[in-house]
Amino acid sequence: MLNKRSSFTGGIHPPYSKGLTKAKQIELCKVPELVTIPLQQNIGAPCQSLVKKGDKILLGQKIGQPRGYVSAPVHSSVSGAVKSIETADLPTGVRFPCVIIENDGSDTLDPSIKPGKLEDFSREELINIIMESGIVGMGGAAFPTHVKLSPPSDKTIDTVILNGSECEPYLTSDYRLMIEKPDDIIYGLKVIMKILDVSKAFIGIEDDKPDAIYAIEAASKDESGINVVKLHTKYPQGAEKQMIQVILGRQVPSGGLPMDVGTVVNNVGTAAAIAEAVKTGKPLYQRIVTVSGGAVREPKNLMVRIGTSFKDVIDCCGGWIEEPVKVIAGGPMMGCAQHTLIVPVMKGTSGILLFTEKEAYEREPSNCIRCARCVEVCPIRLAPLYISAHSLKGNMEEAEKLDAMDCIECGSCSYICPASRPLLPSIMVAKKAIIADRKRQAEADQHRQNKR
Amino acid sequence: MNLFTVSSSPHIKTRDTTSKIMLDVIIALIPAGLVSIWLHGVGVLWIVLLAVVSAVLTEYVVQKFMKKPVTISDLSAVVTGLLLAYNLPPGTPWWMVMVGSVIAIALVKQVFGGIGHNFMNPALAARAILLASWPAHMTRWIQPGTDAVTSATPLALANLADATGSATSGATVVMDLPSFQDVFMGNIPGTIGEVSSAALLLGAAYLLLRGVINWRIPITYMAATYVCTMIFGGVGFYDAFYQLFLGGLILGAFFMATDYSSSPVTPLGQVIMGFGCGILTAVIRIYGGYPEGVTYSILLMNVATPLIDKYTQPKIYGEVRKDD
Numbered sequence: 073m074l075n076k077r078s079s080f081t082g083g084i085h086p087p088y089s090k091g092l093t094k095a096k097q098i099e100l101c102k103v104p105e106l107v108t109i110p111l112q113q114n115i116g117a118p119c120q121s122l123v124k125k126g127d128k129i130l131l132g133q134k135i136g137q138p139r140g141y142v143s144a145p146v147h148s149s150v151s152g153a154v155k156s157i158e159t160a161d162l163p164t165g166v167r168f169p170c171v172i173i174e175n176d177g178s179d180t181l182d183p184s185i186k187p188g189k190l191e192d193f194s195r196e197e198l199i200n201i202i203m204e205s206g207i208v209g210m211g212g213a214a215f216p217t218h219v220k221l222s223p224p225s226d227k228t229i230d231t232v233i234l235n236g237s238e239c240e241p242y243l244t245s246d247y248r249l250m251i252e253k254p255d256d257i258i259y260g261l262k263v264i265m266k267i268l269d270v271s272k273a274f275i276g277i278e279d280d281k282p283d284a285i286y287a288i289e290a291a292s293k294d295e296s297g298i299n300v301v302k303l304h305t306k307y308p309q310g311a312e313k314q315m316i317q318v319i320l321g322r323q324v325p326s327g328g329l330p331m332d333v334g335t336v337v338n339n340v341g342t343a344a345a346i347a348e349a350v351k352t353g354k355p356l357y358q359r360i361v362t363v364s365g366g367a368v369r370e371p372k373n374l375m376v377r378i379g380t381s382f383k384d385v386i387d388c389c390g391g392w393i394e395e396p397v398k399v400i401a402g403g404p405m406m407g408c409a410q411h412t413l414i415v416p417v418m419k420g421t422s423g424i425l426l427f428t429e430k431e432a433y434e435r436e437p438s439n440c441i442r443c444a445r446c447v448e449v450c451p452i453r454l455a456p457l458y459i460s461a462h463s464l465k466g467n468m469e470e471a472e473k474l475d476a477m478d479c480i481e482c483g484s485c486s487y488i489c490p491a492s493r494p495l496l497p498s499i500m501v502a503k504k505a506i507i508a509d510r511k512r513q514a515e516a517d518q519h520r521q522n523k524r
Numbered sequence: 091m092n093l094f095t096v097s098s099s100p101h102i103k104t105r106d107t108t109s110k111i112m113l114d115v116i117i118a119l120i121p122a123g124l125v126s127i128w129l130h131g132v133g134v135l136w137i138v139l140l141a142v143v144s145a146v147l148t149e150y151v152v153q154k155f156m157k158k159p160v161t162i163s164d165l166s167a168v169v170t171g172l173l174l175a176y177n178l179p180p181g182t183p184w185w186m187v188m189v190g191s192v193i194a195i196a197l198v199k200q201v202f203g204g205i206g207h208n209f210m211n212p213a214l215a216a217r218a219i220l221l222a223s224w225p226a227h228m229t230r231w232i233q234p235g236t237d238a239v240t241s242a243t244p245l246a247l248a249n250l251a252d253a254t255g256s257a258t259s260g261a262t263v264v265m266d267l268p269s270f271q272d273v274f275m276g277n278i279p280g281t282i283g284e285v286s287s288a289a290l291l292l293g294a295a296y297l298l299l300r301g302v303i304n305w306r307i308p309i310t311y312m313a314a315t316y317v318c319t320m321i322f323g324g325v326g327f328y329d330a331f332y333q334l335f336l337g338g339l340i341l342g343a344f345f346m347a348t349d350y351s352s353s354p355v356t357p358l359g360q361v362i363m364g365f366g367c368g369i370l371t372a373v374i375r376i377y378g379g380y381p382e383g384v385t386y387s388i389l390l391m392n393v394a395t396p397l398i399d400k401y402t403q404p405k406i407y408g409e410v411r412k413d414d
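Chain order of the listed sequences is A and B.
If you read the first sequence in the numbering used here, its first letter stands for residue 73, the second for the next number, and so on.
If you read the second sequence in the numbering used here, its first letter stands for residue 91, the second for the next number, and so on.
What you were told as hints is all true, and nothing was included just to trick you.
Label pairs and their in silico Cβ distance ranges:
#1 Gly390/A x Leu292/B: 49 to 59 Å
#2 Val160/B x Met375/A: 49 to 59 Å
#3 Tyr328/B x Leu329/A: 53 to 63 Å
By construction, these hints were calculated from the structure, which means they are not laboratory data.
Don't be surprised by glycine CBs; every beta carbon is placed ideally from N, CA and C.
Construct the entire structure; sequences and hints are all you get.
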């Protein structure tokens with residue numbers, strides 16, 4: 073095991089609040105009568121429905137076909153019949169067409185699903201399995217994994233990093249996975265290493281999870297080239313760029329990707345999903361969700377079928393002891409607040425948090441006192457107070473000059489601000505405006521080119 | 091139908107607030123005030139209270155008048171009042187104290203947009219205006235323990251000695267100057283809050299431990315003053331060290347130059363701020379007409395702060411050279 077004493081610059085130490093679910097074994101969540109499966113669950117292109125109302129559906133059957141390369145198919149998480157295809161609220165804050173399936177309760181598996189062995193597949197076949205299984209980044213970003221594992225030929229990848237840091241407070245799904253299924257994680261990592269033809273891999277785990285470190289070490293002790301790295305417990309340790317900086321001492325260039333510095337970072341949950349797909353042939357139709365927060369009667373780590381509504385998941389935890397003030401999909405730092413419980417669990421839903429009034433406590437913003445705490449904690453070394461001030465005044469060009477586009481949206485600045493300034497929200501507004509402006513520019517240039 | 095709060099991430103926030111930070115500064119300033127009351131009598135307490143009350147009242151009245159939300163509960167006006175009082179001589183007349191508070195809050199702070207927007211340290215700016223307006227009152231020092239015997243501050247004595255060139259070597263200076271122990275504990279003439287280095291350093295340690303201030307400004311400030319006093323003043327290691335505890339340097343370095351609103355936010359900028367303050371303090375002390383240079387050096391660096399911030403933005407993660 074490697075013990076990393078160095079760390080990235082900045083970062084915060086929020087209360088981790090993982091005690092609620094840390095010791096809870098992963099349980100199966102009751103499979104609901106109805107599942108609502110969104111036709112877009114990843115960053116990139118949405119899917120086209122392959123089914124229509126009344127169609128008989130099997131468990132694991134592909135029901136959505138990607139409409140682009142940067143996309144992933146979606147599969148049914150139950151067997152039964154399509155009730156309807158309609159637009160529904162998603163936990164990401166948008167409305168999108170979903171396939172609603174009535175569960176017949178038999179879990180009849182699609183006959184095309186067949187077990188396999190890593191040794192029997194070529195690299196191309198493995199990538200194809202990952203693509204066809206609809207695997208996306210399980211840490212929350214939901215970027216299609218087959219794209220990440222297919223770098224262009226001019227990029228040389230020398231190291232694979234698995235992210236087991238789970239730095240978001242409250243969440244324990246990766247932690248439980250590392251303890252309960254370390255062999256799957258290592259198996260998945262070996263698949264990734266074979267695809268990328270890489271012999272060196274690191275698994276980064278924060279030092280507040282000694283039993284996870286122990287479990288992963290035990291599972292990887294006979295493997296060559298796989299090293300566990302003990303990392304400082306600090307948010308956002310699990311951010312891709314910070315992880316690479318700490319483990320490899322490399323910095324992803326501004327505007328670039330990890331592959332630009334010879335590495336690919338995947339979540340431990342993604343590795344386990346890959347192992348499942350290769351070993352059993354089963355596509356990604358369920359995931360581990362941490363249900364936590366002070367308002368939940370019985371906080372749990374649950375294996376949930378994709379498409380189960382938040383309400384059904386919460387019912388599986390005995391409902392709530394007091395009415396939550398805030399419901400969050402994902403972690404408290406980067407997750408998305410919900411206005412309703414009638415939203416489905418998606419591939420990227422790592423947690424469902426029910427916050428009491430005390431946990432969701434928020435103050436009215438007051439004047440920035442220039443205490444510089446946001447500057448101290450920014451892991452990218454931006455000056456959030458200035459970017460935010462420009463954004464609030466509509467000076468997006470100035471915000472761009474101060475590198476607003478490099479913000480990773482970790483929220484450390486907003487967290488630490490004693491004046492409760494809306495730092496991250498205003499920076500996100502600036503980023504959107506800058507992207508829109510760049511697009512306009514590009515279109516205008518294109519237009520001018522065409523005219524010539 | 092459940093109604094949930096929907097807001098942008100992050101969904102958890104620190105429990106630290108502006109008022110908690112200000113409360114920490116107030117706590118850190120208490121020891122120096124207590125020492126002063128002990129040395130100069132209870133009259134000092136009235137000056138401090140008067141400065142604080144008039145600062146808070148001014149803030150309240152101005153904000154009401156400007157139809158802005160009243161923010162006196164953030165305690166920043168209390169801090170300004172305290173710092174102003176600490177920068178006044180123990181015998182300051184009551185009306186001057188009030189004028190000072192009004193200048194600090196109304197003119198320097200609220201007119202520019204309130205907390206966070208003042209481009210100078212309000213208490214120091216007020217002190218500078220009072221010093222220019224009523225120099226006699228502002229330089230009437232009292233030897234603690236004696237009954238209102240006016241005397242020169244040790245810093246003035248030290249400068250006089252340096253200027254006449256008679257005593258950088260020690261003997262004459264030591265004859266005129268108080269012992270280091272008296273200087274360190276505060277048994278010397280000076281403003282209300284500046285004299286007791288021991289009490290101020292205790293408060294400064296508290297602020298550093300609580301993370302309210304960091305080392306960059308105060309330590310570079312002290313170090314630059316020390317080195318420049320030796321170079322420009324031609325004094326030895328010990329004399330330069332001794333002079334660090336004279337005048338308002340410690341109060342200025344730890345409590346005034348670190349004022350959030352009027353100091354840089356970038357790490358390098360903070361070092362430059364401390365360095366600039368240190369050089370200017372030594373230069374004013376040695377070459378200037380005033381014996382004390384802390385006030386003006388901090389004010390000068392305050393106005394340079396926006397510029398310093400602009401040119402000291404740190405290199406960001408993964409920065410690509412702009413010409414690439």
